[in-house]
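Residue numbers (the UniProt record's numbering), protein chains in the order written: chain A, 1 to 87; chain B, 1 to 189; chain C, 1 to 74.
Each hint should be verified, as a subset may be incorrect.
Claimed, not checked - Only some residues are given here: those of chain B computed to face chain C with a beta carbon under 7 Å:
#, residue
1, Gln143
2, Phe160
3, Ile167
4, Ser169
5, Val176
6, Glu177
7, Lys180
Stated by the list, open to error - The list that follows gives simulated cross-link-like pairs (lysine-lysine, DSSO-like), each with its CA atoms no further than 27 Å apart:
#, chain 1, residue 1, chain 2, residue 2
8, A, Lys54, B, Lys6
9, C, Lys6, C, Lys47
10, A, Lys60, A, Lys3
11, A, Lys59, B, Lys6
12, C, Lys47, B, Lys6
Bear in mind the hints are in silico, worked out from the structure with no lab data behind them. No residue lacks a Cβ here, since even glycine has one placed at the ideal position from N, Cα and C.
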Amino acid sequence: MPKQMPPEYYQCLEELQAIDFVLVELSLYLNTHQNDLDAIRQFNETAKKSMQLKVEFEKKFGPLMNFGRSYSGHPWNVDDTPWPWQV
Amino acid sequence: MFYYEKKLQYPVRVSTCNPMLAKFLIEQYGGADGELAAALRYMNQRYSIPDKVIGLLNDIAMEEFSHLEMIATMIYKLTKDATPEMMKAAGLGDHYSVHDNALFYHNSSGVPWTAAYIQAKGDPIADLYEDIAAEEKARATYQWIIDLSDDPDLNDGLKFLREREIIHSLRFREAVEILKEEQGKKKFY
Amino acid sequence: MSSQFKYWEPYIGPFDPCKPIRVKSYSTPPQLYMNFQPAGLKQFTPKQALMHGTLWPQLYSPYPDPKKGGTKHA
Chain A
1 MPKQMPPEYY QCLEELQAID FVLVELSLYL NTHQNDLDAI RQFNETAKKS MQLKVEFEKK
61 FGPLMNFGRS YSGHPWNVDD TPWPWQV
Chain B
1 MFYYEKKLQY PVRVSTCNPM LAKFLIEQYG GADGELAAAL RYMNQRYSIP DKVIGLLNDI
61 AMEEFSHLEM IATMIYKLTK DATPEMMKAA GLGDHYSVHD NALFYHNSSG VPWTAAYIQA
121 KGDPIADLYE DIAAEEKARA TYQWIIDLSD DPDLNDGLKF LREREIIHSL RFREAVEILK
181 EEQGKKKFY
Chain C
1 MSSQFKYWEP YIGPFDPCKP IRVKSYSTPP QLYMNFQPAG LKQFTPKQAL MHGTLWPQLY
61 SPYPDPKKGG TKHA
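Chain A on its own, in the form it takes in the complex (with noise of 0.2 Å):
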């Protein structure tokens, strides 16, 4: 029987992909709305809790990022399945 992820990925990942969804619709605002400072403070914040939530997703669950944006485990375990469309 391959690996399969447990119910606690799809939450974790649910939760990285709700947070990081409020990153994008905020830097597309911004985009137009450049002068937004509390949309630039909701930003910021967001951002720093994004890269928290990571840290914690990739403590259990692997790397996120290829290129050295996240660090690999031994063996090598970035390309490790699955992939986003598998899952």
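Guided by the hints, dock chains B and C onto chain A, whose structure is given.
This is chains B and C only, laid out in the frame that chain A set:
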């Protein structure tokens, strides 16, 4: 340069193995108003658009690539392990004879993607109006696919993608407002 | 907030064999009415935002038309 992040923008699910829905969905993969066309259109227009709106085109192009990956995931899941008989029954016999169950950049009718679907005129208003129209056409396509689909999990993801077209349309409309603003005058918004 | 769908009654000819759709509708989502988004709009929580596809409830557009019981045509 680009980095890959090993996660989808939105949690994509499909309820059943259903190659016929995949056939409809492939319109948004390699069709005229699909996500590949959108991503490449904005990625290419960014080089000549005024500096004030480059960031917007760049970010929306990046998001479109994430949507392309979501659409691919939907098609992949709807056809994964579907037998040749199932592919044939779904109207994908001609697809199967060339591609097996591989994905390919063509539309629902099997017409391969072409750069003729997109434009870069160098005139920022012409380009942004094309972008607004492209978002509205993609929104309409999502509507008609939702109408054709009886898969609640698939429709959940499609509704997310339809809403994103609305937000992108609004941002491009705002970009037009920014570019047409009289220089030296106070902003009215 | 503006209505999200508009309705119209198409001409029905005496020699049209398909069962006529008496009222047709089309979508008029919020971006058509908000030329430039004002600052400080009310926001969804991150989880709600992801589920709706936008951070701002005022920009959310339902589909299919909830008033039509989930089908496109009347």
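Verification of the hints:
Because the smallest distance between the Cβ of Gln143(B) and any Cβ of chain C comes to about 6 Å, under 7 Å, the interface hint for this residue holds. Among the interface hints, the one on Phe160(B) holds; its C-beta lies about 4 Å from the nearest C-beta in chain C, closer than the 7 Å criterion. Checking Ile167(B) against chain C: minimum C-beta separation of about 6 Å stays under 7 Å; hint holds. With a least beta-carbon distance of about 5 Å to chain C, the hint placing Ser169(B) at the interface is held under the 7 Å criterion.
Interface hint status for Val176(B): violated, as the beta-carbon distance to the closest one in chain C is roughly 9 Å, over 7 Å. For the restraint placing Glu177(B) at the interface with chain C, the shortest Cβ-Cβ distance is roughly 5 Å, inside the 7 Å limit, so the hint holds. Violation of the interface hint for Lys180(B) is found here, the shortest Cβ-Cβ separation to chain C being roughly 11 Å, above the 7 Å cut-off. Note on Lys54(A) and Lys6(B): the hinted pairing holds, with a Cα-Cα distance of about 11 Å set against a maximum of 27 Å.
Distance check on the hinted pair: Lys6(C) and Lys47(C) sit about 30 Å apart at the alpha-carbon level, beyond 27 Å; violated. Only pairs whose Cα atoms come within 27 Å are accepted, and Lys60(A) paired with Lys3(A) is accepted, the gap being roughly 14 Å. Of the supplied pair hints, the one linking Lys59(A) and Lys6(B) holds, its CA atoms being roughly 14 Å apart against a limit of 27 Å. With a C-alpha separation of about 20 Å, the suggested pair Lys47(C) and Lys6(B) falls inside the 27 Å cut-off, and the hint holds.
Checked against the numbered hints given earlier, the structure breaks hints 5, 7 and 9 and satisfies all the rest.
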